[in-house]
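**Q** Chain by chain, the residues run as shown.
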Amino acid sequence: MSRLGGAFWFTLVIAAVTTNFLVKQTVQNLDDQLAQVKRKTVEDQKKIHDLTADWTFLNQPELLADLNNRYVHLVPMSPRQVVANLDGIPMRPVAPPEDAAPLPVAEAAAAAPLSAPVPLDATAPTDLAAASPPTQVHTPAATLSLISTAHAATVPAAPRPARSPAAPVQPASLDAIFAQVAGSR
Amino acid sequence: MLSVQRLDDNPCRPRHFKPPPCAPVVADPAAAAALETTRTRLLLAASLFALIFLVVIGRLVDIVALGGDAADPRVAHNRLVAPPLPPRADIVDRNGTLLATNLDSPALYADSRELLQSGENPDEAALRISKALPDLSLGDIRGKLASGRSFAYLKRSLTPDQEFAVNSLGIPGIEFSPAARRIYPLGDLVAHTVGYCNIDNIGQAGIERGLNNTIRGETEPVALSIDARVQFVLKDELQHVIDQFDAKGAAGIIMNVNTGEIVAMASLPDFDPNHPPSTNPREETELDKDRIFNKITSGEYELGSVFKIFNTAMALDGGTSTMTSEYDARDDIEIGRFTISDYHGKHRWLSVPEIFAYSSNIGSARMAMAAGADRQKSFLAKLGLLTPVPNIQLSPEEIGKPHFPAVWRPVNVMTIAFGHGIAVTPLHMITATAAMINGGILRPPTMLKVPDGEDVPGVRVISPKTSEQMRKLFRLVVEDGTAKQAEAQGYVVGGKTGTAEKNLHGHYEEKKLVSSFMGAFPINHPQYAIFTLVDEPHGNKESHGYATAGWTVVPATSRIIERIAPLLGVAPQDENSPEIAKALQIESLIGKKLEYN
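Residue numbers (the working numbering), protein chains in the order written: chain A, 611 to 795; chain B, 159 to 755.
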């Protein structure tokens with residue numbers, strides 16, 4: 611009886627010691643890992659901080675303006691280019707050719723001005739688009755026409771994406787486009 | 159007892175013989191009771207220990223198996239590796255662009271004792287160091303290395319490259335002490351607003367000085383009301399004016415009229431806060447003084463006609479004039495040794511809007527006389543134009559104190575009506591004007607960002623009706639007055655020009671002008687006010703020889719508005735739309751056309 615008891619307690623002690631050791635070891639490893647991660651975090655934070663300072667330094671408006679003047683020649687946005695609300699965005703102005711199939715909405719918007727010169731909307735004086743160099747764009751409509759004419763001039767013979775001859779209906783509004791898209795599904 | 163012993167020790171004892179119980183048979187009842195007590199105590203002690211172990215086991219099981227108390231905050235807190243606190247908080251603009259921060263920049267010092275002990279030759283070491291840091295003098299280094307002292311700064315604020323170069327020399331006794339250096343990544347862009355620090359990281363100017371204690375104690379960035387992009391536009395256009403008109407300097411400030419936030423503030427010429435000019439009186443030059451000087455907050459100017467804004471508002475709000483009142487501007491006013499005359503003389507009776515649009519000094523003087531000295535003085539005091547600007551985040555040394563006559567005589571009333579005989583800072587000017595056009599609420603100017611949508615409390619100084627009349631008058635000046643070139647595409651601009659002769663040693667210099675323009679947009683619902691001034695501009699061919707406000711700062715303001723309005727999120731309007739024109743129309747002028755001679 612007492613031997614059995616002794617064996618039981620001995621096993622229990624060994625088990626407790628082993629478990630204790632293992633748990634302690636795991637905790638220590640995790641602790642080391644944690645400290646390392648934290649050290650790395652602080653290091654990274656410092657690096658990010660230094661890089662932010664560097665980034666801000668390199669992005670000085672004066673420097674950017676100089677680089678712009680030398681390489682890309684962007685001009686400040688004109689107030690006429692700013693559309694204050696949704697009503698200010700003009701609808702697609704012209705119908706595509708009769709054989710045009712309804713394109714996916716985005717593609718349709720991009721492709722539409724290719725087919726015909728775009729009449730400028732009422733707020734945009736026509737001489738602006740004609741007189742200003744391509745960088746000095748003053749109206750959203752003018753932007754469209756400039757890009758589209760430039761595009762048309764450089765790739766006049768570019769093959770159009772194949773279109774099915776069916777469904778020549780020209781949507782009159784965004785609602786109609788949505789209805790069309792919904793109907794085609 | 160003897161018998162028991164004998165039995166046990168018996169060498170001839172049979173193998174399986176078990177001796178009888180050896181405990182003494184105690185016959186004595188007293189002894190038996192004592193034994194019983196001992197047993198009970200033993201049992202008690204044993205069960206106590208068992209209980210303790212049970213508690214420990216239970217707790218272990220709880221922690222290991224059941225995960226009890228895993229989220230004790232103290233456990234995690236004790237192990238946190240805290241990053242070192244920065245010596246000063248960062249300063250950022252309203253969009254979070256870094257304006258000031260700290261970079262590690264160790265100081266280099268020599269421990270001469272260690273160097274000499276190591277047997278290194280100080281002359282040779284000095285030579286090698288001076289090659290790595292060419293800006294140090296060789297003799298100076300040698301002296302420090304051979305001094306035998308254990309600490310002498312060789313150079314503070316090393317760049318990473320310099321640190322690497324010195325470190326790779328591997329000279330014993332040459333040590334780095336960790337230090338942080340304040341740097342301003344945008345250089346001179348926001349020099350006057352942010353200010354600068356000395357080598358010990360103590361603020362010397364601007365926000366760095368005004369909020370020195372806050373910045374030293376904080377870890378979170380301090381967000382300013384400044385917008386770095388708008389600041390750039392303002393500075394760019396002011397520099398353009400200086401170049402174009404060969405001016406001595408220029409200054410400008412842009413304020414949100416509904417919150418009092420200063421969105422941009424520039425004073426040219428300026429300086430690079432990373433390398434501020436010396437403020438040592440022995441080395442400081444006139445130019446250095448001019449560069450450090452913030453014209454907006456410290457410069458007191460007799461601003462001239464822009465002051466008619468307050469004169470007109472006072473007369474209209476006090477009821478001493480109405481929009482249809484007329485004043486005799488036929489002849490110059492002679493008072494004492496002064497003669498008050500008009501620049502665009504009409505030599506007839508003028509109504510209040512005409513006086514404002516033609517900028518008639520005579521008419522303004524008569525309006526002020528009708529209102530009286532007390533009313534004028536108390537109105538200007540109410541607008542804060544007679545006291546330094548309160549609560550601004552700058553040290554008192556940088557806040558200008560207005561100059562005005564101690565005794566308010568009639569001649570002073572007349573000259574103050576058109577902005578002479580009183581000197582205020584541009585900051586005063588824009589703060590008070592914001593109240594004139596924003597509906598009549600005076601709000602203190604601030605350089606700290608006001609959270610979006612937060613209402614800034616203010617004091618009502620004029621009625622909303624007077625404020626509306628002022629907006630119409632502002633528009634009149636741009637539409638049909640001295641500031642026609644302020645028209646901006648897409649934005650309805652209003653404003654008032656002022657061209658004042660500089661008062662040097664008691665007399666006015668005809669050729670030395672301070673031309674200024676107080677503008678606001680969109681004037682039908684004002685959001686931002688812009689005040690620009692140019693110091694001693696010279697007329698050129700394009701301006702037909704004029705150096706007045708209308709030719710210098712007015713066109714600049716138009717360009718500034720066109721460039722900054724999209725950045726500030728002000729929706730463009732059709733500035734020529736009939737509705738807007740009708741809303742800003744002055745009834746008494748319908749059908750009349752203003753003419754200039």
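The set of hints was computed from the structure by calculation and includes no laboratory data. Note that the structure is a prediction, hence the values are computed from the model and not measured. Any given hint could turn out to be false.
As the list claims (entries may be wrong) - Lysine-lysine pairs mimicking BS3-like chemistry, simulated, CA-CA at most 30 Å apart: (1) A:LYS657 with B:LYS607; (2) B:LYS313 with A:LYS657; (3) A:LYS648 with A:LYS634.
**Q** Work down the list of hints and note, for each, if the structure agrees.
**A** Verification of the hints:
1. Distance hint between LYS657 (chain A) and LYS607 (chain B) is fulfilled; the C-alpha atoms sit about 27 Å from each other, no more than 30 Å.
2. For the hint linking LYS313 (chain B) to LYS657 (chain A), the alpha-carbon distance of about 24 Å falls within 30 Å, and the restraint holds.
3. Between LYS648 (chain A) and LYS634 (chain A) the alpha-carbon distance is near 21 Å, which keeps this suggested pair within the 30 Å criterion.
Violation of the numbered hints given earlier is absent; every hint is satisfied by the structure.
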